[in-house]
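S.K.: Chains A and B are the protein sequences, given in the same order.
Be aware that the first sequence starts at 1, since it is given in this note's numbering, and climbs by one per residue.
Be aware that the second sequence starts at 1, since it is given in this note's numbering, and climbs by one per residue.
Calculated directly from the structure, the hints in this document are not laboratory data.
There may be inaccurate statements among the hints.
Where chains are identical, the list cannot tell them apart; a pair therefore holds if satisfied intra-copy or between any two copies.
Straight-line alpha carbon distances no greater than 20 Å define the calculated EDC-like cross-link-like pairs of lysine to aspartate or glutamate that follow [as the list claims (entries may be wrong)]:
#	residue 1	residue 2
1	439	74
2	211	200
3	71	386
4	805	738
5	665	852
As the structure is a computational prediction, the values presented were derived from the model and not from experiment.
Protein chains: 2
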Amino acid sequence: MVIPSSSVAKADIAVQSSKKVKYVYSFDEGNKNMKQILGGKGANLSEMTKIGIPVPFGFTITTEVCEYFSKHKDYPEGFAEQLQEKLRLLEVKMVKKLGDPVNPLLVSVRSGAAVSMPGMMDTVLNLGLNDSTVEALAKKTGNDRFAYDCYRRFIQMFGDVVMGVEHHLFEEAIDKLKKQRVVKMDTDLNEEDLKNLVDEFKEIVAKNSKKSFPDNPLEQMKMAIEAVFKSWDNDRAKTYRKINNISGLKGTAVNIQSMVFGNMGDDCATGVAFTRNPSTGDRDFYGEFLINAQGEDVVAGIRTPMEISKMAEMNEDLYNQLLNAKDVLEKHYKDMQDIEFTIERGKLFLLQTRSGKRTAQAAIKIAVEMVEEGLLTKEEALLKIDAKSLNQLLHPQIRRGATRNVVAKGLPASPGAASGKVVFTAEDAMDLSVDKNEKVILVRKETSPEDIAGMHSAQGILTARGGMTSHAAVVCRGMGKCCVAGCTDIIVNSSAKKILIGDLVINEGDIITLDGSTGEVMLGEMEMQEPELTGNFRTIMEWTNEFKKLQVRTNADTPEDCKVAVGFGAEGIGLCRTEHMFFAEDRIHFVRQMILAKDENGRKKSLEELKKYQKEDFVKIFEVMEGRPMTIRLLDPPLHEFMPEKEEQIQELANDFEMPVEDLKLIISNLHEINPMLGHRGCRLGITYPDIYKMQVQAITEAGIEVQNNGIDVDVEIEIPLVGMINEFIYLRDVVKETISSYGEKVNFRYKIGTMIEVPRACLIGGELAHEAEFFSFGTNDLTQMTMGLSRDDLGKFIPIYLDKGIIERDPMAGIDQEGVGKLMRVCVESARKEKPEFEIGICGEQGGDPESVEFCHNLGLTLVSCSPYRVPLARLAAAQAAIKN
Amino acid sequence: MVIPSSSVAKADIAVQSSKKVKYVYSFDEGNKNMKQILGGKGANLSEMTKIGIPVPFGFTITTEVCEYFSKHKDYPEGFAEQLQEKLRLLEVKMVKKLGDPVNPLLVSVRSGAAVSMPGMMDTVLNLGLNDSTVEALAKKTGNDRFAYDCYRRFIQMFGDVVMGVEHHLFEEAIDKLKKQRVVKMDTDLNEEDLKNLVDEFKEIVAKNSKKSFPDNPLEQMKMAIEAVFKSWDNDRAKTYRKINNISGLKGTAVNIQSMVFGNMGDDCATGVAFTRNPSTGDRDFYGEFLINAQGEDVVAGIRTPMEISKMAEMNEDLYNQLLNAKDVLEKHYKDMQDIEFTIERGKLFLLQTRSGKRTAQAAIKIAVEMVEEGLLTKEEALLKIDAKSLNQLLHPQIRRGATRNVVAKGLPASPGAASGKVVFTAEDAMDLSVDKNEKVILVRKETSPEDIAGMHSAQGILTARGGMTSHAAVVCRGMGKCCVAGCTDIIVNSSAKKILIGDLVINEGDIITLDGSTGEVMLGEMEMQEPELTGNFRTIMEWTNEFKKLQVRTNADTPEDCKVAVGFGAEGIGLCRTEHMFFAEDRIHFVRQMILAKDENGRKKSLEELKKYQKEDFVKIFEVMEGRPMTIRLLDPPLHEFMPEKEEQIQELANDFEMPVEDLKLIISNLHEINPMLGHRGCRLGITYPDIYKMQVQAITEAGIEVQNNGIDVDVEIEIPLVGMINEFIYLRDVVKETISSYGEKVNFRYKIGTMIEVPRACLIGGELAHEAEFFSFGTNDLTQMTMGLSRDDLGKFIPIYLDKGIIERDPMAGIDQEGVGKLMRVCVESARKEKPEFEIGICGEQGGDPESVEFCHNLGLTLVSCSPYRVPLARLAAAQAAIKN
């Protein structure tokens, strides 16, 4: 270890420090608000240090160094000096020295970005060991076996993570040795075995990395830091960020912390815990630990750990220390915490605390109870719930009372239920679900980060090993995906693609059902039931009404959907697509008859038939909505969508209409368009065939009169789609107006006439349109496609490559593109509100159920958002959060 | 005629006049700047009255009354009183009275909008005649025949125009009478005949309109005014406005003017004239007149009139009066005038003056000569030329020295030359040219407004009758379309679809060639030659350089096109589409090989081949451009465009590549997209297949190095298409940069890297893009399509209906949509220039050759416009005009 002449180094630092960025922070220099530069782990280690929780001392290298390193493949000026200074400080504090042959400092090197990415980043423990310091460690602990176990673990981890030597090579060497020695467990190997293993591991490293294992601890540290930084851009990390829409981070911080050992003997342990139950939200201390183990062993799910409550029986004092730390942390952070701890020779150390991931059900329960406990205000409590996670609660459950053919039981690792075909590899999961659109259950011994994409496309995950905090469990809860973990009843034979449960064999492709809330595994497909708003969930939803400014409506076309949405608190319908009513089997005939009509008369007859159906539909929906406002969009899709595509269907239709099949084909091919999305649809149909719109308005009017006469209020907003020019709107508004007016004084219900804003040009003439219209609704699906010049039907060919190359961070259709589409929306809103300050402007389309998009709409001052029925609660929460935040 | 108690009426007017709009102007109240409300005709009648030109007195009803009438089908309050007042004034001035049985006032009622619409609007002459006033007229003029000729003409015209009785019914009655009386000419009918005709005409009117002919002159006047207003919205007028992009007018004015008669005898005449030759621009007084006729006879082309110079021989004094009026008018208006005059018993009256329509050639000559004469400044002269009309000069001419198989000769009514298949009806012209994309020559005895759409789609027009001011001649000059009129050598048999020229028969479908500059009609197709910049044209173009701020470039992909454009003064290339180079027969094979390549290696080999071709192309173009800046767009269209579509071509290609045809079909169908315009093209191809862009950049670089080494300057702007996101640009800019950099110090030419702005989103991130890019070029074709959500390939199904229903005024692709797309462009330019004040921003696409769009670009502060080679002079003039105007 070469330490530069200290006087020079000090002078350097002194001269430069005033103008230099601070790149390294000791744990007593930071706090929990510095996540952006210290990462979540580093910021919380500092915070715990500050509030007196026992934390092994250390320091954090900032994310800015990572950012610099990613760009320049080098470190910023002054970094090396700061690193040295903080290391010296750590050595002084620990009274140990890195590489010291008598009193060596050992450290862990861990990554930690501002946002937690479990299992994604790499860690090195026991750094600082070499042939000389291992002897010192042995001497100091009086435990040769422990020292060499640490050493071989270090070589193995460092060789794998830092030097890129494949993991299994080390495992095979251990297995070979265990066979030779005729033992089963790693712990059965003695110190001599471990010493041999150290030598063999070094050879493996030298042979496979073409470099000898570094014995200079400072060199080790530098290599480890670099490896952490590089791991920021490895594929697993990138995939995780992509799937979780994590962007805008500088990089990862690196935490260097003096080692404490959970593996020095039976008075040592390591564990992880949640301050409350992350699955149910119950107020139980909840966790697992392993005696005589290092932290990785718990998280990796290699040995099945003990429940935390067992510790009380084994060592009450230690358990109480832990409970005390838990209470302090929860009160301090005002949130449920996920902690890691190690017990070294009876002394407790906390290695990490962070806001605990939780199911939506848990999040809701914790939020409500923390308000009851006086820990949080309602506003704070609402902000603690990840709106997106509510999707979980709105997942289907197995129908209550259904007979369950349970064949195995594991841990209820992530709630919800799912049925699907059994697959055994991530690739098969993707192939079947993406390519063939099949529902699959991914079954693995245990999952690893390589499986993430496959997990994403499965309906549910079943693992044979690992606990509630195993990789599978953590990732599934994050994804809101059903998971049964640690299901020891089953034997997974991946190569034969079979599950064995005693005598029972489940083959690839067989259908099973998982209940992630009970841990049950069942044969066959089961009937699911829809979620409801009850208990704490209802409480939270009631609170949202106290704060939110946005009205939340739903996109629904049927009385059934409307009922569901109203149950979830929808305040109206933001988008009722009338064409969906056209596709039903009993109506499509008349639609086709209308399209194929040879004359005005023929068309009128078909429209007359269709009107009966449409009126009936509207009557039913009006009855469900009971006077809540309801936006009805007139016919939008191009006519060719109503015609059959397949040869035999065309033949059949030709027979039905007694016309030559060639004539029909000609008509269909004439309806074909080069770019149908930019073609003859929406108001363009309304203008070329006003009779269709007239019929729809007649159906609405007649239904409205009838329902209102029956004493149920009706409030209709008639919406003209695809308007881009002021005259399109004026022309059709007048058609609608005149059609309604023709019913004279019979018209007894409220109505408005407005337009969808989905063509970019409509945004640009917002003021003029607002002058003529009574409301706007942004159709962000089409608006996004046109503004970005991106057809949702065709982007599959290049968007995956865009994601890979980092051109974009997430699917451009998933939320409002605030920098592009959002700007256009702002132009529109500003000019419309200048014309009419109280003008009603909403948004429909699935982006209305994306929390970030809802917040954007709130900030834009929109009147309402509308999304699918199952997303209504999510939108309500997001709307309340937006109002509280801003 | 009921005149209300004058005291009451006067009181009314007095009370209301202060707060009332003025709806009626006497000719001594207006001036030439009041076209918007008096119409062109009315404003100029006032102006002539003001400057002492002899004009029969009268008054003008404003366009605002027409606007009110169109909306409300009624007249504005106070209008009736104002009309009465002005009528009384006219009666006082003329010392005659409408309907007076002794001294009756007769008037003409003519339409006249702010923009001249020849032949489009309706006129009634001799209004005020009835059974009683006709006798007074006969007595006063001592000419019974004249009086009854006026009367029968009045009934005929009024019956047709105001009461909707078909024209031919009257003509048939005349023909029948002429047959009975065994005479040939109308003038051979005597007064008794005409009296009978009056009775018969009245019966025809009563029978066909179900109303008796009105004998109250005030009633006649009211009906005529209403008919003029209604004619504003008739189909012919609407078509004319549509074709000529006339919009934003309030309506037509109505001019009511005391009659003067050119048909009182042989000391009477009527004529039209241009103060200079409207075809060549020569400084000759140029016109035609008919002895003893009313104005309509000249314009309608029914009798072939005499040349104006003949008048000098017949009556030198009158001719000198006319010459004097001509000189006064041209000096006063500082422009070539188109005048109508009538000589009543040896006294000259001017009935109309207006800026004369002229060919582009004439416009240029007149402009240059008026500057020489000191009448105009260069700026004024440039503004007098209609930039759009330059298209005419850029029409092909018959190759000099070609042998001309001339079979007939008519009047050189509109310059240029054209070959095409003979058709005889407007419908056939449209069918063949629009549906079958064939070139046609429309041959008619004479044309009428009903033929306009057919004339629009023909290459040229040939008529047997009518002069240089006939309908066909005027309309063709307006359209810049070649026309030979009054070709008395030919007999047109429309029903048999034959032309007879002596013994020669030309059948429908035979090909003929017209030379509109010489009046020659030739058999067969002839070779054309391209126009050049010479003489006055060159002078005008040189003047444009003194004023214009915009750089004018061209869109060209071949050395030939580049040469033409440089000849027309193009200052560089604004858009070189590299894919056009891919389509050539010798390259398409390698393009397909590349698309079908099974691996990286295969693709590279094909690209290597393509590179050779591309380099060669660039070398040639660089040599032509001699250091002028040149924007080269990298590959843009989706790959499927390069694949064959037809069954047999696919089969052939499969054979070529020795692959199963089914495999090839699968590949082609995989390339198919739902909305290709919003699909996998432009930079999206560049990002998914960077090798293609690399190859193109290599070709550019190698060509650039070679040409620059040979002593010819090279200045390249490499353009990345379809960018919508900042990272798309950064990624590909770096690919381009690195590719060029790999040539190291060999790179000796200037280059920039920029992007096309054609996705709406790109406009919204203009500032960020400008930060990274070195230039922008608006691709307004795609930008318009995406902003309006309108596919150019599909709009044929609804845009014609939009035009019909008045939703839009012209094809949305014809010019920049300033209210929509233009706003988006402004957002982009403003944010880009905020980032880089001197940033280069251009526009390419055909809209760069639309004068209004060029003016818009000038006002937006763009750096350059680029259009097709033949439009370069037009764009240069438009750019100069924009600079002078603003």
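S.K.: All hints, please: hold or fail.
M.R.: Hints versus structure:
{"no.": "1", "hint": "439 with 74", "in the structure": "neither (46 Å within a copy, 69 Å between copies)"}
{"no.": "2", "hint": "211 with 200", "in the structure": "within (14 Å within a copy, 118 Å between copies)"}
{"no.": "3", "hint": "71 with 386", "in the structure": "neither (33 Å within a copy, 57 Å between copies)"}
{"no.": "4", "hint": "805 with 738", "in the structure": "between (54 Å within a copy, 17 Å between copies)"}
{"no.": "5", "hint": "665 with 852", "in the structure": "neither (46 Å within a copy, 44 Å between copies)"}
Figure legend: structure checked against the earlier numbered hints; hints not met, in rising order: 1, 3 and 5.
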